[in-house]
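*Asks:* Please build the complete structure, drawing on both the sequences and the hints.
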Amino acid sequence: MTPVRPEFLPDPELSREEMETLQYDVADAARWTDDFDFDPRDVSLESAASLTGDRPLVAGVDQAFLDDRAVSVVVLMRGGDVVERAHAVTDLSIPYVPGLLSFREGGPIVAAFEELSADPDLVVFDGSGRIHYRQAGLATHLGVVFDVPSVGVAKNLLCGRPREDAEGRPEGWRTDILADDTVENAESGDRIGHAYQSRQYDSSPIINPLYVSPGHRVSVPTATDLVSRLCGGYKLPEPTRRADAYADETKAEYA
DNA sequence: GCGACAG
DNA sequence: ATCTTGTCGC
Numbered sequence: 005m006t007p008v009r010p011e012f013l014p015d016p017e018l019s020r021e022e023m024e025t026l027q028y029d030v031a032d033a034a035r036w037t038d039d040f041d042f043d044p045r046d047v048s049l050e051s052a053a054s055l056t057g058d059r060p061l062v063a064g065v066d067q068a069f070l071d072d073r074a075v076s077v078v079v080l081m082r083g084g085d086v087v088e089r090a091h092a093v094t095d096l097s098i099p100y101v102p103g104l105l106s107f108r109e110g111g112p113i114v115a116a117f118e119e120l121s122a123d124p125d126l127v128v129f130d131g132s133g134r135i136h137y138r139q140a141g142l143a144t145h146l147g148v149v150f151d152v153p154s155v156g157v158a159k160n161l162l163c164g165r166p167r168e169d170a171e172g173r174p175e176g177w178r179t180d181i182l183a184d185d186t187v188e189n190a191e192s193g194d195r196i197g198h199a200y201q202s203r204q205y206d207s208s209p210i211i212n213p214l215y216v217s218p219g220h221r222v223s224v225p226t227a228t229d230l231v232s233r234l235c236g237g238y239k240l241p242e243p244t245r246r247a248d249a250y251a252d253e254t255k256a257e258y259a
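Under my numbering, the first residue of the first sequence carries the number 5, and numbering increases by one thereafter.
Accuracy of the hints is not assured; some may be wrong.
What the hints assert, rightly or not - List time: in silico DSS-like cross-link candidates among lysine-lysine, alpha-carbon distance up to 30 Å:
id: 1; residue 1: Lys255; residue 2: Lys239
id: 2; residue 1: Lys159; residue 2: Lys239
id: 3; residue 1: Lys159; residue 2: Lys255
FYI, nobody ran anything at the bench for these hints, they're computed from the structure.
*Replies:* Here you go:
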């Protein structure tokens, strides 16, 4: 249902050099300023009954794998309610290569979106956005392909360096992720994302932070604000958790 | 040559 | 990402 910009589709048949060239183009097409219709304050997990206005549709995207096939899923949420789920099972053509993830998983994700009947106002991806060697991670690449506001939420840092050590910080704490010399199209020191402590217990099991970065049409601070509004008692944002569970149950049916 | 490296 | 049992704690 969601229209696609064909010139940006991540074609896994491209050579590595062509992939990197496309990523530069994607980064040039990406907008890292707030450009969306909804009010960020309307993004929440509250139940529909207690709310007045129209809540934005937020999509969570995740994948699971079977041999050489990907199970890609999209879960649409409005407030705390799941309003639609869609999935696609696709053959994988290339292996995982750090920095080129969107060329492996992009096609399968596009296939899952084609099964969706509604268009999301915001998409939360499992992986990096601007925190990427060419500032064109999965969240940025697919955000540009769909021209939809998007954020990337990663459990591990791909590149860049935290302004401060994030180890064992309290819940709600955040620090900038600054571009280092591995980010080819940024000035060293540019702010490209946040390390965000979405969950922390009082004692020992120290939880690692999330690495949040803009995908498309969202700024660095807003990306983290939105993610914070989508985290309800768990480390990962709720749309991501729902997508995670749906991917697991779908995978079980195809195994 | 060595280390780093989303999912 | 994936392969996997039990275990500690609220």
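*Asks:* Please go over all the hints and tell whether each is borne out by the structure.
*Replies:* Hints versus structure:
With a C-alpha separation of about 23 Å, the suggested pair Lys255 and Lys239 falls inside the 30 Å cut-off, and the hint holds. Between Lys159 and Lys239 the alpha-carbon distance is near 10 Å, which keeps this suggested pair within the 30 Å criterion. For the suggested pair Lys159 and Lys255, the alpha carbons sit about 22 Å apart, so the restraint of at most 30 Å is met.
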